[in-house]
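Q: Single-letter residue listing:
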Amino acid sequence: MAAARRRHGARARPRNGAQLISFFRRGRTHRDFADEIEAHLDLETDRLIADGWSQQRAQQEARRAFGNITLAKERFYETSRWVWLEQLVQDLRYACRTLRQSPSFFTTTVLTLMVAIGLATVAFTVFNAYVLRPYAVRTPSSLYQIGWRSPTSGGVSFRWDDYVELRNRRDLFDDVVAETSRFVSSDGQALAAALVSGNYFDGLGPRVLLGRAFTAADDQAIVVLSHQAWRRLYNGAPDVIGRALALNGQHFTIVGVLRPEFTGLGGFPQDVWVPLTAYAPVASPDLVGRPQTRTIELVARIREGVSPDQATARLSSFIQHTVDAPPGEQAQAFVQPASPNPFSVQMLALLSPIFAAFALVLVTACANVSNVMLARGVARQREIAVRLSLGASRSRVVRQLFTEGLLISLVAGVGALAFASVALRAALVTFFGTLPPSVAAILRVVPLDLDFRVFVFAMTASMTATVMFALMPALQTSRLSLIDGVRGTGGSVRHGSRLRHVLVIGQVAVSVILVTLAVTLARNGAAVGAIDLGFQSAGLLSINVRGEQGDLIARLVPVLAADARVAEVAATGGNPLFIRTRSVAAAPGGTSAAHPVRYTFVAPEYFAILRVPIVQGRGFRADEARTAAPVAIVSASTARAFWPGQDPIGKTIRIERPQGRPVDEVPGYTQLTVIGTARDVVSGLVVDGPDSGHIYLPITADDAHATAVLVRGRTPRDLGPEALQTIFRRVAKDPEVFEALPLNEMRDLQVYPLRAASWVGFLLGVLALGLSVSGLYGVLIYTVNQRTREIGIRVALGATGAAVVRLIVRQSARLAGIGAAIGLIVAFGGLKALTSVVRLQTISLVDARAFAAAVTLVIGAAVLAAYQPARRATRIDPSQALRADT
Amino acid sequence: MPTRGRDRLSLMQGTLDVLILRTLIFGPQHGQGIARAIKESSDHELLVEHGALYPALQRLEEKGWITAKWGTSSNNRKARFYSLTRTGREHLGRESTRWRRLAAAMARVLGPETEPS
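Here the protein sequences line up with chains C and W, keeping their order.
Start counting the first sequence at 189; every next residue gets the next number (this note's numbering).
Start counting the second sequence at -3; every next residue gets the next number (this note's numbering).
These aren't lab readings, by the way, just hints derived from the structure by calculation.
From the three backbone atoms N, C-alpha and C, an ideal C-beta is built for every residue, glycine too.
Treat the hints loosely; a few may be bogus.
What the hints assert, rightly or not - Per the computed footprint, the stretches of chain W lying under chain C, defined by three or more beta-carbons under 8 Å from a beta-carbon of chain C, are:
1. 76 to 88
2. 94 to 108
Claimed, not checked - One side only, chain W facing chain C, incomplete, derived with CB under 7 Å:
3. D39
4. H46
5. Y50
6. Q54
7. G67
8. N71
Construct the complete structure from the given sequences, taking the supplied hints into account.
A: Take a look at the structure:
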């Protein structure tokens, strides 16, 4: 009987569903069933009357014998296989009605979740695009890149002839494709071009959107566009096939556009693909003629049945006669999966802090919504208790609350996808807008599409969120005792508020962590940006050679020096701020231990063009540069380290051979005489600060050690992209073999990751902080509501407004304080651990001011959250509060 | 207690189904008639709560063992008449065998009727 009653309550409106059920039941309605029972009772009564019972007693007896009529109806109802569907519809309808009644609750929870899930979706989209997305080619797993290594050297670059030779190795490979990529100029724009062998598309099999891809038979001047380039250059015009595209001044005919999923074999998306043989005449140095340069990468599709190890073994003789291993060393072949971003544990470990930050925001948002739901659940205790006492089963009540959560999370999930796509676009625009211009011009990102994986992720995240935020309050509330619930003095209130306190504390802790991180990053970004480089980078252009340099530098420098627009020019063996640490084993003459010291070959003009003063002695003379004389200029730090307190001029430096140390071998240099000292500069990573030591050796532009050029125009505008193109074209047919970058932008580029990370950190931190403020606010408002009577009594007994405010603020401060403490400990521990891994001179990860800022912010937030509840508490009218229903 | 009630019900279910099917062997019958018939044919040993009969009838109908049609009873009252289908008859055959074997086995295990000592 008890069970029957309970069930009855759960379906207080069976007729509502009866129509739906009957639809599935081919005619048998609830009404029909009721009629049958009615008929039964009549028949039984008739029978009993026939047996001699009185009318009234017969009716009673018939009913008694029948038992519980409602129960029978219940059973009938339950036999339907569609009950769950109908109950779901009921639950959904009820949920919609409930949510419509409290639009502000609905809006805030949906918005909170939407933003959090949307952000997580953005993070996942980037991850998906770069890591998860497989090659959009035929059976990517059989593609391997061929390379070689020896004890001190190695590489993946080959000659065209090597490709021709390997292409015919049918015992090992089904196909071998050759590729070399470079930037080419197209009417002043730089395009990322892949020069590929004719069998490239046949061998890899990416799908074509428009026109056709080229084949091994094509060696005319034709070009295939990437989807992105097609959209960017031609606005996705469908009639692009047959048009001409200028590449380094030569016209190429567009024959096809690829589908968006294929962007090339490397991690860097390509704009155009050109037959390598067709481009070779434009290229300088020549790619297919004589002498051939080693710039071509080879990707092979290994035959079925051949293992990578077998392929490696059988390639060894090829590698040994092909590559120039350092003398006395044996070169060995290797093959590696050609995937651009192999999905690995290291990769995940590297990315985990970023994902942790995004996940923390998601968790905070869920905690917040959970908290609100919990508070709502407590407020709805009476409603739930009434439903329970009317006989609703607990599982049904939980399901009802769960459905509400599901509805919220579904709406939020769909909203999150929209939010994510907008946010991604905004992020990309911001990204390209804030990057150093010369980098933004050539940087390409792979298409960041919201594909089905992202959709699945967003929906999974939102479902998980549902479980997190809806189920807990649901279980919590449905556990309440009936009597307490109906009376409105929930028995589980104490337990519920403890859980909510824990949630709020967690939120505060997370926001402290994120804010600390953001402030740390921002301060370090600013600090790195403000580092004095020791030289004047403004107005200086750095020119490097892409690929093999040959005599390009030797020919470029005189052309630059003769140009009227050029004020100063200097050849170098590597420009400052380009992250290349080249060290040599050096020791002060006469002593024993040699240490790695950074070294650079520089033309005599180097110090002048950088405005680096020679603080002692003199600079290089032209004749010293011409003869590569064994003289050196050392940095002030080297002078101090080698000869503390002495005059370094005239002292000697001994250069040792590497002998296993990670330093360069510099043939011909064994002893150097110091002729001057230069001021310390930052020549590597800006975050590393000024060099701890530096030895400069003299060269001219003709020297083989000259690999780069520094040039300063007469005015900053003199050496624009067009001017440079014309100058470069005087030296090489293909001007894009030279890469010109303003030195200032190299510095910006180095600082950029720190700045970007701090922006993201701030965004997440502010979001988390906002969430914890609203979480705190919710708890406090709830407390005020719960303690209205108590506060009323206090006021009646003479408590001042200030005392009431103190009461509320104290609670806010306690929650925020505990949260802040936990957050500080975690942030401190995490950053401390990071410091032990990352050793950077100019970066201080444990930054007292960052912690102070975070704590200040959180205290501010706690006060902010307490303001409104405290005001409400002071307005409590004791006469009303005391009369309030309990 | 709901759980114990559910146990008993599932134990009863098979029994009631067989009883209903067996009753319908003699021709179409309405619910009240079936209840009466079970009571009488079992010498008043088996008391079927009438209310439990109808969900069982509904279940059998959905399984396709019986069909139902509204008709008029002998004393001119509207009633829903149930009749056995071919699959219902087959099911009854299988179930009857099973029940007889079960009853015989139980009887063997329990042995000749003796007073508990």
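Q: Now look at each hint and say whether the structure bears it out.
A: Hint check:
{"no.": "1", "hint": "76 to 88", "verdict": "violated (count 1)"}
{"no.": "2", "hint": "94 to 108", "verdict": "violated (count 0)"}
{"no.": "3", "hint": "D39", "verdict": "18 Å, violated"}
{"no.": "4", "hint": "H46", "verdict": "4 Å, holds"}
{"no.": "5", "hint": "Y50", "verdict": "5 Å, holds"}
{"no.": "6", "hint": "Q54", "verdict": "5 Å, holds"}
{"no.": "7", "hint": "G67", "verdict": "11 Å, violated"}
{"no.": "8", "hint": "N71", "verdict": "6 Å, holds"}
Hints 1, 2, 3, 7, counting from the list given before, are not met by this structure.
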